[in-house]
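Using the sequences and the hints given, assemble the complete structure.
The listed protein sequences derive, respectively, from chains Z and R.
The letter at position 119 of the first sequence is residue 122 when you use the numbering used here, and the numbering goes up by one with no holes.
The letter at position 144 of the second sequence is residue 1339 when you use the numbering used here, and the numbering goes up by one with no holes.
Honestly, the hints are just simulated from the structure, not real lab data.
Source: prediction; values computed, not measured.
Backbone N, C-alpha and C define an ideal beta-carbon position, used for all residues, glycine too.
Fair warning: there could be bad hints in the mix.
Said to hold, decoys possible - Just a few of them, taken from the derived set where beta-carbon distance is under 8 Å, the chain Z residues facing chain R: (1) Y127; (2) N143; (3) A253.
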Amino acid sequence: MARLSIPKTYKLYIGGKFPRSESGHTFEVVTPQGKFLANAAKASRKDARDAVASARSAQAGFAGLTAYNRGQILYRIAEVLEGRRDQFVDEIRASEGVNAQAAARQVEHAIDTWVWYAGFADKYAQVAGNGNPVAGPYFNLSTPEATGVVVALAPAGAKGESLLGLSAVLAPIMTSGNATVLLAHPTQPLSAISFAEVLATSDVPAGVVNILTGDPEPLMPWLAAHADVNALDLSGGSASDWVAWQSDAAETLKRVVPPTVGIPARSLERIVAFTETKTVWHTKALG
Amino acid sequence: MSFLDYAPAPESTAILNLQKSYGLFIGGEFVDGHGSSFATISPSTEKAITTVAEATEADIDRAVAAARKAYDKTWSRMSGSERGKYLFRIARILQERSRELAVAESLDNGKPIRETRDVDIPLVAAWFFYYAGWADKLDYAGLGPNPQALGVAAQIIPWNFPLLMLAWKIAPALAAGNTVVLKPAETTPLTALLFAEICQQAELPAGVVNIVTGAGKTGAALVAHPDINKVAFTGSTPVGRRIAQTLAGSSTRVTLELGGKGANIIFEDAAIDQAIEGVVSGIFFNQGHVCCAGSRLLVQENIHDDVVSRLQRRLSTLRLGDPLDKNTDIGAVNSKAQLARITELANSGDDEGAHRWSAACEIPSKGFWFPPTVFTDVHTSHRIAREEIFGPVLSVMTFRTPDEAVAKANNTPYGLSAGIWTEKASRMLAIADKLRAGVIWANTFNKFDPASPFGGYKESGYGREGGRQGLFPYLESSGWTKGGR
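As structure tokens, then:
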């Protein structure tokens, strides 16, 4: 007799823990053909509030790590992801309906994305910052640093690509030391939750990344207006009424990156988009 | 006559050659507007200086069309080195006419001639010189090869540094290859109109710079115009919010330079006399009409009484009066409305239990004036500790530990500027790391330079002005993420 398998309960990821939604609500995740795959947690506004609070409390510490250390943490994510390659390939095949080869390509691309950004953690400030030759006896230096707490919508490509989509937005946000509330793609949440397991077993401090599954629509107006959120990455929002969210975000003058078509490419610009340039002047004198 | 009384030394206004009325500067010429006109007054005397036009929506249409035509037909086709040469020309003419511009600025704005002559106008020329050199070197700015201009930029500037804010806006926009429609503040249009004459003297191609005067309604029409590619605004946070809302979802790029509530932190080991000078220039420079003003003074508890008494002694030597007098330290508040706002907020300080001290100075009978004022016993919850006053009013608070200083300094929705006074460099750098502000002055304050990026965190806006970062809001590279940069 065949052995009965043990299906996983898919939960949220907040503050380094895996809670169910406080609302008790779940939703069905199905294959492209409509076949039941799993019940996933449907995050509520209260869950979103908890996620912002844990992101805020983790942010300063994460930004305060040395850039070298942050680079190592991002590289560690790539290592753990590589170790769980087969798990992601299986999950992507089931949920996105692609063949093993395409699923493997996506996982490999995602791993390489983490490696690429890991290597930028201790370099982007050299490329995006500089000394300034001011007309006076002053030391003057401009350096970019993390903007704070970012709410990001994971995008998906034409064929799903949910793991690659979340990696392409999350990695550049983390590179400079931001904390993130990531809203998983609404119909492709499984990679995101399994990715939370990668984060939990890497060296990422609790709260630096928080992942919510479910429907982003009721959460976003509230997150866009949240006074303790500094920026919105609407990369995955092209199918939604994202203009209203950008307008909500204007109330607290958040930085907003508008939706992209498909999966965003790796770029320095995506790192810099979630930074602030700080310029420090100091007097120079011999005496 | 005590040693502090100086004989009057007024700068003559004979250097000015003003028109009785000014139209709008569109397509390289002054043209009549379709709307009514209004007087711009001198805030120190309340006398009218000249009359300017209030641009209507039809006028804005005309100005944007002129800028679009100049962009398509001339400016976008010109080589960077030729564009740069026009900017160098403008910089030179600004230097040649600097005294005239300083007088006009002090007359229209109310700020002391010492500041317009020694700070504002020299920086205006420096800004054009700096960006002139970028025009043919954009490949080196850091956006990859061959970055592209955006098109027509709509620029709206405030009344606190009228011509300097114009330079901050126009110089990088033109260097990057954009054309502009700029609206000066309704209370300080004069130097922008003189700048239009300078564009004519420099033979800048028609329509590259267009100046439209008017108030908030004119500005709103400009921001909402469908044929602009970029909005750059310096002003209040509420207006900045409205602009961000108006442009949500549009491909128009936005940079916002908004309010602040800067903290100036003095540690017990600071060089106190230098710190006092820094505090004075931090909040009493330009009558406190500075978005990056150090309006909250955080003093280590054990030196509080000493700092406050030295500060009061120093403030008692400041001379308030005629902005055109070369001995004047504190000029007039820019408008009646601003004076009312400063007065109201200062009164809230009394009502909420803070202790007010004002320098004893004679207030002229005409014009708008507010004496240098220091509030002690201020709590972080008081309105004078939270809201931007934009006037010569300092709120003093104390701290015991560096962590407490950082927490109090960052306890504001703004994040534009901060100051640190300590002789210990390692502490200065550690504190600078933790402060959430775009510009940090250590053992100095309120220094500006075209090579140095300026701009805020959080609700102080987004984007930087100055330095190579100051070009980015006016350029597009294929890889650069749109929006909010």
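Hint by hint, here is what the structure shows:
| no. | hint | verdict |
| --- | --- | --- |
| 1 | Y127 | 12 Å, violated |
| 2 | N143 | 5 Å, holds |
| 3 | A253 | 3 Å, holds |
Checked against the numbered hints above, the structure violates only hint 1.
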